[in-house]
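Visitor: One letter stands for each residue in the lines below.
2 protein chains.
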Amino acid sequence: MHYPTGIKVTKNNNINYANRGMTLEADLNNTNHYYLINDIAVVYKKPTPITIHKVNYISRTNAVIEDARFQIPSTTDYNGIYKGKYIDFEAKETTKNIFPLANIHEHQIQHLRNVHRHGAIAFLIVRFTKQNKTFLLEATKLFDFIENNKRKSIPLNYFEQNGYLIKDTYNPSVDYIKIIDILLKEN
Amino acid sequence: MHYPTGIKVTKNNNINYANRGMTLEADLNNTNHYYLINDIAVVYKKPTPITIHKVNYISRTNAVIEDARFQIPSTTDYNGIYKGKYIDFEAKETTKNIFPLANIHEHQIQHLRNVHRHGAIAFLIVRFTKQNKTFLLEATKLFDFIENNKRKSIPLNYFEQNGYLIKDTYNPSVDYIKIIDILLKEN
Chain P
0 MHYPTGIKVT KNNNINYANR GMTLEADLNN TNHYYLINDI AVVYKKPTPI TIHKVNYISR
60 TNAVIEDARF QIPSTTDYNG IYKGKYIDFE AKETTKNIFP LANIHEHQIQ HLRNVHRHGA
120 IAFLIVRFTK QNKTFLLEAT KLFDFIENNK RKSIPLNYFE QNGYLIKDTY NPSVDYIKII
180 DILLKEN
Chain L
0 MHYPTGIKVT KNNNINYANR GMTLEADLNN TNHYYLINDI AVVYKKPTPI TIHKVNYISR
60 TNAVIEDARF QIPSTTDYNG IYKGKYIDFE AKETTKNIFP LANIHEHQIQ HLRNVHRHGA
120 IAFLIVRFTK QNKTFLLEAT KLFDFIENNK RKSIPLNYFE QNGYLIKDTY NPSVDYIKII
180 DILLKEN
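Protein chains in written order, with numbering that gives the first Met the number 0: chain P, 0 to 186; chain L, 0 to 186.
Be a bit skeptical, because a hint or two may be false.
With a cut-off of at most 25 Å between alpha-carbon atoms, the simulated DMTMM-like pairs for lysine to aspartate or glutamate come out as follows [said to hold, decoys possible]:
id, chain 1, residue 1, chain 2, residue 2
1, P, 84, L, 180
2, L, 140, P, 185
3, P, 82, L, 76
4, P, 84, L, 174
5, P, 53, L, 137
6, P, 45, L, 137
7, P, 53, L, 174
8, P, 82, L, 180
9, P, 45, L, 146
Which stretches of chain P does chain L cover? Using the computed rule of at least three CB atoms under 8 Å from a CB of chain L, they are [unchecked claim]:
id, stretch
10, 70-81
11, 112-118
Read the hints as simulated data drawn from the structure, not as lab findings.
Just so it is clear, CB atoms sit at the ideal spot from N, CA and C, and this is done for glycine as well.
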């Protein structure tokens, strides 16, 4: 997906320095790097899982993967530790006014159920790119939606009512740890 | 690395059903799968990190990676959750009587320091293949060794004195959670 590189203007006419043309993945990488270097949390994106079929060992230090395929991920993309707690989440963007559940693999939802049951802080981070709004939705709210709805998409207003808006900030650009602090206080 | 596929006989002449020709990685995959299906813990090996240079999109569902390179990992290979605790470890085999520190990247040692500081249960699992002994060594004992020794390898007896022998069992074959239970009781 490609995004415009210009500076976006938010509703209140302030210049929005965050997310200017960055994908959610890039923003999260920057944010997690910020957390790491400031010793706030240790969270990484997992590498894309692939099956390697052919490697050409050109020299001892130079191996070229010449045939590999993408695998369906068994887990979410992000996990790590914050204040001694295991955190685990999946991050997705949508260009629509709804979040299609097809964007998350069944395995990933099952993974969120598994880690939640074991005490993880488990959630989704979903960005609605048109609205330039990024939400944290606790995994339990995702499970609630799935159990109580036949719809295959979660509407934006479900995120507005049940999730937490992650405010656009400059650095880090997706400061989701602020929301986790709220969750930890509530529990 | 290749290992004989025959059944090994342990010192006390019992047949050792565990580790028969399996690599530590395969044993840990089986063990983590056992923990998952028995709802004991949720631990996964991270995919091998690679940089993709060329993908051939043959069709909508068939993408072939035609040029990619291995990256040096920034983190350890394994992490997950057990009893609400974040666990993180690296697993290595050695065919020698010593464990060469060069087997772990400097980034990975730094990662163990980072997650330990944030409250993780952080450790190494090291298998001495000749002796067919697999140890869990807490990350703090690894740091102690590095700080107090100029040696570039950790001898087997350091593991015997400072680590925990993980007993060979049938299923799961590397039951490291038993050791974590000991560590949790001690702390």
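Visitor: All the hints need checking, so say for each whether the structure fits it.
Guide: Okay, the hints, checked on the actual structure:
The hinted pair formed by residue 84/P and residue 180/L meets the criterion: a straight-line CA distance of about 18 Å does not exceed 25 Å. For the hint pairing residue 140/L with residue 185/P, the CA-to-CA distance comes to about 36 Å; that exceeds 25 Å, so the pair is violated. Of the supplied pair hints, the one linking residue 82/P and residue 76/L holds, its CA atoms being roughly 21 Å apart against a limit of 25 Å. A hinted pair counts as satisfied when its Cα atoms are at most 25 Å apart, and residue 84/P with residue 174/L qualifies at roughly 23 Å.
With a C-alpha separation of about 36 Å, the suggested pairing of residue 53/P with residue 137/L is violated against the 25 Å cut-off. Taking the CA atoms of residue 45/P and residue 137/L, the gap is near 23 Å; set against the 25 Å cutoff, the hint holds. For the suggested pair residue 53/P and residue 174/L, the alpha carbons sit about 33 Å apart, so the restraint of at most 25 Å is broken. As the CA atoms of residue 82/P and residue 180/L are separated by approximately 21 Å, the hinted pair is consistent with the 25 Å bound.
Proposed proximity of residue 45/P and residue 146/L is contradicted: the alpha carbons are some 30 Å apart, above 25 Å. Closer than 8 Å: that is the beta-carbon criterion, and the stretch 70-81 of chain P has 7 residues meeting it against chain L, so the requirement of 3 holds. Counting residues of the stretch 112-118 of chain P whose CB falls under 8 Å from any CB of chain L gives 5; the rule of at least 3 is met.
Going down the numbered hints, you'll see the structure goes against 2, 5, 7, 9, while the others check out.
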